Amino acid sequence: MRWIWIDRFIEFTPKQSATAVKNITLAEEHLHDLYPAFPIMPASLIIEGMAQTAGILVGEARNFKEKVILGKIGRAIFYQLVRPGQTLIYAARVEQLSDDGAAIFGTVSVLDPAVSEVQTPVAEIELVFSHIDKNLAGMQFPEHNFVFTEQFTQLLATYRSVGAIAL
Amino acid sequence: MALSRDEIYQKVKSVLVDALSVDDEDVKPNSTIRGDLGAESLDVLDIVFRLEKAFTTDPTRKFIIPRGDLVPDEKLMENPDYVQAGKLTPMGLAELKKKMPYSDFTTFDQNPGVDKLDSLFTVDTLVKYLESKLK
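Protein sequence lines, in the order shown, are assigned to chains X and L. So in our numbering, spot 44 of the first sequence is number 44, and the numbers just go up one at a time. So in our numbering, spot 33 of the second sequence is number 33, and the numbers just go up one at a time.
Check before you lean on any hint, since a few could be wrong.
Claimed, not checked - As a list, the in silico DSSO-like pairs of lysine-lysine whose alpha-carbon atoms are at most 27 angstroms apart:
no.: 1; chain 1: X; residue 1: K72; chain 2: L; residue 2: K75
no.: 2; chain 1: L; residue 1: K11; chain 2: X; residue 2: K72
no.: 3; chain 1: L; residue 1: K62; chain 2: L; residue 2: K135
no.: 4; chain 1: X; residue 1: K134; chain 2: L; residue 2: K99
Unchecked claim - With the C-beta cut set under 8 angstroms, the calculated list includes, among others, these residues of chain X facing chain L:
no.: 5; residue: K72
no.: 6; residue: G74
no.: 7; residue: E95
no.: 8; residue: Q96
no.: 9; residue: G101
no.: 10; residue: A103
no.: 11; residue: V128
Derived from the structure by calculation, the hints contain no laboratory data. Keep in mind that this is a model prediction, so the values were computed, not measured. Note that beta-carbon positions come from the ideal geometry of N, C-alpha and C, so glycine has one too.
Let the hints inform the model, and build the full structure from the sequences given.
As structure tokens, then:
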């Protein structure tokens, strides 16, 4: 399994916002790990999906030259469970962006085609990303970018090929 | 119109409560950001972002806190002219006072240990800094 928690981007405005989607399928093993016979998408992985959406937005703002890591989840509020057959929509908005990192406000919603075409809120998540070479002073990190790797470049090519977006 | 000192203090307090998940009554003017309120290095980055947002009143003119303004670069402490045997030298102390003009050095002057540096970074330091920048 690859640690990829977003399927594609549907909107990307550099240095401002990004929206990505993920379809939830019953084939995903982690859905079955919390409650027997009641599969749900774990909240921690919803946060991870938001972090990946936002992390790519933050990375792109510096042409993927910085090592961008999720430094802090300031707040995460959840409103409903997410079930198989639904589509998660991650919307990340840049609140602050500097040489040191970025603050992101994320909203997660869900689309259930069986019930309605209207998105309903799932969560609000505040995230702080750090450009680690600029922070955690005194600590040395490898010169190569271990966040945006060659494998990530391939992933980026996939996202670009499946979405008409400015990524 | 410029904000009063109390208005700045109330905004700083609100930022610290949100960023550090501390209770309102835990935040006092002399509380140290790291020691008393428990901020870690990435919390400081979060606090800077939140302060910038809280004190931006005109979206076309964002309030920016330049890097190193609130917390001096740690490399300062790696300079052997400034730090010897875990204490700041008179030269180091003078340099630190230049870098942190909003901090109260009264107690630190008596025992300028590197391990006491956090005592210089208080809620009041933030308020004085912001008061000066927002004039």
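When the structure is checked against the list of hints, which entries are broken? Sort them ascending.
none
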